[in-house]
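Just so you know, the sequences run in chain order A and B.
In this text, residue positions in the first sequence follow our numbering: the first is 834, and each later residue adds one.
In this text, residue positions in the second sequence follow our numbering: the first is 834, and each later residue adds one.
Wrong hints could be hidden among the right ones.
Unchecked claim - In silico contact screen, one side only, chain A against chain B (beta carbon under 7 Å); selected entries: (1) GLY983; (2) THR984; (3) TYR1125; (4) LEU1127.
To be verified - Stretches of chain A that chain B covers, calculated by requiring three or more beta carbons in the stretch to come under 8 Å of a beta carbon on chain B: (5) 913-927; (6) 942-956.
No lab work stands behind these hints: they were computed from the structure.
Note that the coordinates shown come from a computational prediction; the quantities given were computed from them, not determined experimentally.
No residue lacks a Cβ here, since even glycine has one placed at the ideal position from N, Cα and C.
Protein chains: 2
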Amino acid sequence: MVTIKSNGYSIFIGEDVFKAITSFLDKNAYSSYFILCDENTLQCCLPVLISSCPKLASAGIIEIENGETSKSLEFSSHIWQTFMENKADKRSLLVNLGGGVVSDLGGFTASVYKRGIDFINIPTSLLAMADASVGGKTGIDFNGVKNSIGTFAQPKAVFVQPSFLMTLTERHFQNGLAEIYKIALVNDKKLWEDLKEGLNAEILVQKSIALKNKIVLKDPFDKGIRNVLNFGHTLGHAIEAVFFENKYGLLHGEAVIIGMVMESHIAWQKKMILKKELMEVVSVLRESFILYDLHKLESETVLDLMRNDKKTSSDKFYFSLINKLGSCKTNVEVSRKQVLKALDYYNTLIG
Amino acid sequence: MVTIKSNGYSIFIGEDVFKAITSFLDKNAYSSYFILCDENTLQCCLPVLISSCPKLASAGIIEIENGETSKSLEFSSHIWQTFMENKADKRSLLVNLGGGVVSDLGGFTASVYKRGIDFINIPTSLLAMADASVGGKTGIDFNGVKNSIGTFAQPKAVFVQPSFLMTLTERHFQNGLAEIYKIALVNDKKLWEDLKEGLNAEILVQKSIALKNKIVLKDPFDKGIRNVLNFGHTLGHAIEAVFFENKYGLLHGEAVIIGMVMESHIAWQKKMILKKELMEVVSVLRESFILYDLHKLESETVLDLMRNDKKTSSDKFYFSLINKLGSCKTNVEVSRKQVLKALDYYNTLIG
Chain A
834 MVTIKSNGYS IFIGEDVFKA ITSFLDKNAY SSYFILCDEN TLQCCLPVLI SSCPKLASAG
894 IIEIENGETS KSLEFSSHIW QTFMENKADK RSLLVNLGGG VVSDLGGFTA SVYKRGIDFI
954 NIPTSLLAMA DASVGGKTGI DFNGVKNSIG TFAQPKAVFV QPSFLMTLTE RHFQNGLAEI
1014 YKIALVNDKK LWEDLKEGLN AEILVQKSIA LKNKIVLKDP FDKGIRNVLN FGHTLGHAIE
1074 AVFFENKYGL LHGEAVIIGM VMESHIAWQK KMILKKELME VVSVLRESFI LYDLHKLESE
1134 TVLDLMRNDK KTSSDKFYFS LINKLGSCKT NVEVSRKQVL KALDYYNTLI G
Chain B
834 MVTIKSNGYS IFIGEDVFKA ITSFLDKNAY SSYFILCDEN TLQCCLPVLI SSCPKLASAG
894 IIEIENGETS KSLEFSSHIW QTFMENKADK RSLLVNLGGG VVSDLGGFTA SVYKRGIDFI
954 NIPTSLLAMA DASVGGKTGI DFNGVKNSIG TFAQPKAVFV QPSFLMTLTE RHFQNGLAEI
1014 YKIALVNDKK LWEDLKEGLN AEILVQKSIA LKNKIVLKDP FDKGIRNVLN FGHTLGHAIE
1074 AVFFENKYGL LHGEAVIIGM VMESHIAWQK KMILKKELME VVSVLRESFI LYDLHKLESE
1134 TVLDLMRNDK KTSSDKFYFS LINKLGSCKT NVEVSRKQVL KALDYYNTLI G
């Protein structure tokens, strides 16, 4: 088992991680346990967890629907109501067993119930393992705006069981892989090279958690350098929003990959990377991921969504852009024209 | 103007406090302002505030209904919706202009909007000045349980304008005075003596803020010694809840005064104070406050509410009790019988 120290808590990674959960539960005298799952993790992960950690057999199980729509005030109320009906007190523990939706929602509801009860994260998707379960951000969506209500709240511990990755579909595995490619591109040339060679999942998760952890520890309240993590996300978010509204259902990672291709092109337009580097990024991403067809996408819709996201009416945008492979510059001014060129480039690329 | 340093922020007290607000607004480049008021402060305090601090003329005004029922998820949603419709961003400021309901609700909604925007408190009731606006607790009521959803979040500053006290009815002034008598009894014999002599309101507010501040700074997350502040509240809360449900509308301070009389009697039963001290407490409180008639109160209802409040089914209760005038012991075990005796004592007392 590998242990990574984060902001006041530890992240445990390995096949024998259930032992660490048991010893965590033994050390902390909680008055009661609650486990938050979605429909998938209830079926695929909960039975394994409970049989490996018998203390959790007494836990109250709270089930939410799969998907982003569960990150709502309605589901938050449902969780608080369940806490109350089952007499959860300040010494109760919430176990978030699931992907980013579960840890975002669970972390938020725990962090404000009685002004904060303890919670731990057991991420079950690659995206949650590598990204969402580290960083101390919780949140729900409100009025159509993602994560607009939330807290900075650290879990008491994060337990990563790599074998949970086997419960994922190929598409959801790729969804998480996208963030790992991103974090390599903005911060770790060596990991980028390793990714090209192929890595086993456990090593992959260890490396990306260690990397993200290094960045968030420098900027726990998201005031500056954590912005490098936004590479691929300015355009990625807008594209995700288009398809979210249109119910095409592009996954977050799928949109981020598209965003990374486009934003690499912008970096090249701004002479921040060489043509050769752009070609490398594009060919590696193309080889590992599906680049979805966006021909039907109206470029004005994308620009509008970006303006909305940044709450600006101007045609100047600020991006985090790679300035070589493994390095990223934040707050780079980008014009409307440069964005449009990048959209065109993408469309030409996928033919 | 008097300045008291608290947990990362300052409390300014005095007739010239509007100057301090103006200089605070000048120093901090906020992108937009919002002011949360209730029906009373909208009428009585907002015009004075805006004419004294012209920068706030552009503020979005959010009005809530008077009273505890506004501390709800529904009103929280209303505030977040208003923030969004008016494009509040991470650099927006919320000004809480009102009593404890306004600062509890406003502090909570600000502390989770976009994971926390700045807020300042301008308390307008004596209770809020002396008690609620210091301590870093925010919260709303949920499922009938007071402050069950909330955060620990510090305001950026607290500005106390004593002349706002003149907008209060006598009854609401007394309501705040109750907490000042309490804090004197548990922590400051000298203040207790001063109260018997009579103090002007501004000095009163200064002294009680300084005293509460001293206690909360030692225990910011409410884990231990802050419990001395609960004197009078174990029975007080239960009595408040009875009358809240019956819609008699006993104010918080009115219930706490009754609680203090009863709990002083329990302290005497447990030989923690002398008969002479009990008599002094009772005669001082009786002289300064109305002791409401509780003959119709079922003692079993009170016991049930106390069990419910503490989430216990047992007949052992744990109180914070004075052990002399100006000192308090927390976590004192009290039996059902002792509680019943105290209720009887109170009923005999008021005849």
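For the segment 913-927 of chain A, does the count of residues with a C-beta closer than 8 Å to a C-beta of chain B reach 3?
holds (count 5)
Quick one, is the A:GLY983 hint okay against chain B at 7 Å, beta carbons?
holds (5 Å)
Tell me whether the statement that chain B covers the segment 942-956 of chain A is true, taking a Cβ distance below 8 Å and needing three residues at minimum.
holds (count 6)
Next item in the hint list is A:THR984. Is there a CB on chain B closer than 7 Å to its CB?
holds (6 Å)
Against chain B, run the beta carbon of A:LEU1127 and see if the smallest gap drops under 7 Å.
violated (28 Å)
Does A:TYR1125 pass the interface hint, meaning its C-beta sits closer than 7 Å to a C-beta of chain B?
Violated. Min distance 30 Å.
Hint compliance for this structure: hints 3 and 4 are not met, and every other hint is.
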